[in-house]
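Participant: The lines below spell out each chain.
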Amino acid sequence: MAERLRILPLREAHRAAGARFAPFAGWDMPLQYAGIIEEHRAVRERAGVFDVSHMGRVELRGADVGARLRSITTANVASLEPGKSRYSLYCTEQGGIADDIIAYRLEADRWLIVHNADNAAADAERVRTVLGDAMTDIGLETVMLAVQGPEAAEALRATLGLDLESVPRHGCVELDWRGGRVFFGRTGYTGEDGGECVTDPATGRLLWDALLEAGVAPIGLGARDTLRLEAALPLHGHDISPATNPYEAGLGWAVGLKDGADFTGREALVALSERPQRRRLSCLRLLDRGVPRADYPVVDPSHSEAGAIAVLTSGAFSPSLEVGISMAYLPALLSDVGTHLAVDIRGRAIPAQVVARPFYQRRS
Amino acid sequence: MEIPADLRYTPEDEWLRLEADGTATVGITDYAQGQLGDIVFVELPDLGRTIEAGQPFGVVESVKAVSDLFMPVSGEIVARNDALEQSSELVNQSPYADGWIARIRPSDPAQVEALMTADAYRAQLPADAE
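Those sequence lines, one after another, are chains A and B.
With our numbering applied, the first sequence has no gaps in its numbers, which climb one by one up to 368 at the end.
With our numbering applied, the second sequence has no gaps in its numbers, which climb one by one up to 162 at the end.
There may be inaccurate statements among the hints.
Said to hold, decoys possible - Simulated DEER-style distance windows between Cβ atoms:
#1 A:S308 <-> B:A129: 37 to 43 angstroms
#2 B:G66 <-> A:G311: 35 to 41 angstroms
#3 B:V144 <-> A:T343: 48 to 54 angstroms
#4 A:R45 <-> B:L79: 33 to 39 angstroms
#5 A:T343 <-> B:Q118: 25 to 31 angstroms
#6 B:A155 <-> A:D167: 35 to 41 angstroms
#7 B:L157 <-> A:E85: 56 to 62 angstroms
Stated by the list, open to error - Here are a few chain A residues that sit away from chain B, every Cβ distance over 10 angstroms (derived from the structure):
#8 L35
#9 G39
#10 I40
#11 E63
#12 G136
#13 R293
#14 A320
#15 P323
FYI, nobody ran anything at the bench for these hints, they're computed from the structure.
Virtual Cβ for every residue (Gly too), placed ideally from N, Cα, C.
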């Protein structure tokens, strides 16, 4: 039974920019415009804009939001200062990752939380359970545009009149622009500088047009995936899920145990934090031609009779490095940087090597 | 979208050109490369291999998709476009010339005649194909 796909408020703008659409998380999303590789390079070398309005967004109001939110987040969001954001996880009671989120504290008593599109409904329910009427789901009444790349600062200055240097990394501000209110957070999902804007659809359309006019390239979900994978940023539902824990995913830094606050999954996470992980989310780079993709088996060539030691959680051709890159939960003993392994691509063992995270780091 | 009139086509979006020496060159159509997007890997067939019509003989991979290549006619592989190993983007840039994939010596020339003409190929593409 096919559910009707949700349509982005700025769909006509995407169509006019030459978008090819594809379904993702219940939304009909722009997959590409000029081409995934060209778009990828535009973000690495100049600047690009992504319509990520499919992401879930809830606004929270009240003096005690921080304390109540803290009961469901792994990170200590209660200590967040106004004008700052923090990456966090929602975990299951067993310590599995239910979602990864960003909590922005706009003012002492006003917050914005961004959820993954696939989990938006469940996350909103989770938040409502502890915050009740303090929560408003603004996902369908706002749009979210990410502006990323080495020239993002210039583009934001030319359009929004925003001085990016005035916003600290992970900081957030709100501004009045052309009759609308624009939220801006200095966050992103590409490994580049820039930020993410949330505003009403009419103002969003003005911003989209202004950015394109300023020479910013429209970027689809295809390049968003290759960009985030080069930056080794996990994608929920692939690299992290309720079946993986924060420590093996390399996200232990997003679990705050020191403040002593109780939160969903705390007990399990304390236990997990006290023992060594048997597997580790690792970066694998192909040493020969081929495109690694999610679900392909990883084998140890010195013990190929043992079969798959892992499966890829993500994989792609890296437009920046021009090789295949991938991630997998490797057994801890085989996860050291430099370890030689192989990825089984249609029955052929293509040599691969464990490399340091991330695959790509911007020059700063 | 280009569909040269002098080639033959399959419903799987391969083209075939009969050469003067009796061999046939095979590739994927302009429509196919456009649908796939940026092609980043081509798996070429081994020389001398015998392939039946309709059987897979290689793979093209774009950033987003993996797609099998199906041989339009039966025969033996007599050449392959090794340039694609380093420059798979040739399939996007020049699907009917520099982006050819393999050359086959057809074992049954009648199979060539049974392939679609350019008009027939165009007619079975989606109405909104560009």
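Participant: Indicate, hint by hint, whether the structure satisfies it.
Facilitator: Structure-based check of each hint:
At roughly 41 angstroms, the beta carbons of S308 (chain A) and A129 (chain B) sit within the given window of 37 to 43 angstroms. G66 (chain B) and G311 (chain A) have their C-beta atoms about 39 angstroms apart, which keeps the hinted 35 to 41 angstroms range intact. At roughly 51 angstroms, the beta-carbon separation of V144 (chain B) and T343 (chain A) lies within the given 48 to 54 angstroms, and the hint holds. For R45 (chain A) and L79 (chain B), the Cβ-Cβ distance of about 35 angstroms falls inside the hinted range of 33 to 39 angstroms, so the restraint holds.
Hint check: T343 (chain A) to Q118 (chain B), Cβ distance near 28 angstroms, so the stated range 25 to 31 angstroms holds. For A155 (chain B) paired with D167 (chain A), a C-beta distance near 58 angstroms fails the hint of 35 to 41 angstroms. Restraint check, L157 (chain B) to E85 (chain A): a C-beta distance of roughly 58 angstroms satisfies the suggested window 56 to 62 angstroms. Once the 10 angstroms rule is applied to beta carbons, L35 (chain A) is inconsistent with being away from chain B; the minimum gap is 7 angstroms.
With a cut of 10 angstroms on Cβ distances, G39 (chain A) falls inside the contact zone with chain B, its closest approach being about 5 angstroms. Consistency note on I40 (chain A): stated as away from chain B, yet its beta-carbon is not over 10 angstroms from all of that chain's, at 4 angstroms minimum. With a least beta-carbon separation of about 34 angstroms from chain B, E63 (chain A) lies farther than 10 angstroms from that chain, consistent with its non-interface assignment. A cut-off of 10 angstroms between C-beta atoms confirms that G136 (chain A) is not in contact with chain B; the least separation is 42 angstroms.
A Cβ of chain B approaches the Cβ of R293 (chain A) within 10 angstroms, the least distance being about 6 angstroms, so the stated non-interface status is violated. The beta carbon of A320 (chain A) sits about 7 angstroms from the closest Cβ of chain B, which is not more than 10 angstroms, so the claim that it is off the interface is violated. With a cut of 10 angstroms on Cβ distances, P323 (chain A) falls inside the contact zone with chain B, its closest approach being about 8 angstroms.
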